[in-house]
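*Asks:* Just so it is clear: in the sequence shown, position 89 is 88 by numbering that gives the first Met the number 0, and no numbers are missing.
If you're looking for bench data, these hints aren't it; they were derived computationally from the structure. Misleading hints may appear alongside valid ones.
[As the list claims (entries may be wrong)] List time: in silico BS3-like cross-link candidates among lysine-lysine, alpha-carbon distance up to 30 Å:
hint	residue 1	residue 2
1	Lys103	Lys159
2	Lys79	Lys159
3	Lys56	Lys103
4	Lys132	Lys157
5	Lys132	Lys56
6	Lys90	Lys79
7	Lys79	Lys56
8	Lys132	Lys38
9	Lys159	Lys90
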Amino acid sequence: MRQPSFFKALFLLISVLFLTRCDVLRDLTTERPRGVDSKEAALRRDIVDYAQRYEGKILTPAKILLPGLIAPGLLYFVMKEYGIMLSPSSKDQSIQGRSIPVDKAMPGDLIFFRRSASEPVFHVSLVIENDGKSLWVVHSTTSRGVIQEDLLASSYWKPKIYSARDVISGR
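Construct the complete structure from the given sequences, taking the supplied hints into account.
*Replies:* Below is the structure:
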């Protein structure tokens with residue numbers, strides 16, 4: 000008498016799993032950035048994709064293709080599109096959000112630069128990818144416009160890396 004109940008319960012369990020398309024199991028195997036929920040991960044991807052659209056362009060805050068937009072202006076403009084308000088100054092941006100270790104920076108986080116320990120922050124970039132061996136960013140340069148670059152492979156930028164900030168988490 001107990002066997003039919005067991006088989007009914009087993010059948011019911013299998014049916015539920017198939018009807019829910021195994022969502023529970025999919026959540027266990029879906030790869031996500033460290034400590035980031037899927038909504039935040041999507042926001043980070045969107046921000047990076049939006050910033051990358053400007054590669055090769057020299058921009059102004061008014062979106063006119065003329066020289067003049069320095070790196071903090073690019074990030075101010077990009078983040079504003081997603082409701083994240085940053086200062087237009089890299090020095091001020093360097094204290095916004097939450098401080099994080101540079102080696103833990105994720106796509107959408109900001110990397111700041113100083114020329115020396117006694118000088119203020121002078122530049123900022125947006126993390127595209129960080130795999131521990133390379134740290135790809137997008138940033139606006141005066142001479143080359145908006146570019147993508149591996150900071151860890153750059154003899155110019157690598158020694159100037161100062162800090163990283165997360166301005167996305169918790170939104």
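*Asks:* Now tell me if each hint is right for this structure.
*Replies:* Right, here's what the structure says about each hint:
{"no.": "1", "hint": "Lys103 to Lys159", "result": "holds (17 Å)"}
{"no.": "2", "hint": "Lys79 to Lys159", "result": "holds (26 Å)"}
{"no.": "3", "hint": "Lys56 to Lys103", "result": "holds (29 Å)"}
{"no.": "4", "hint": "Lys132 to Lys157", "result": "holds (13 Å)"}
{"no.": "5", "hint": "Lys132 to Lys56", "result": "holds (28 Å)"}
{"no.": "6", "hint": "Lys90 to Lys79", "result": "holds (18 Å)"}
{"no.": "7", "hint": "Lys79 to Lys56", "result": "holds (19 Å)"}
{"no.": "8", "hint": "Lys132 to Lys38", "result": "holds (27 Å)"}
{"no.": "9", "hint": "Lys159 to Lys90", "result": "holds (14 Å)"}
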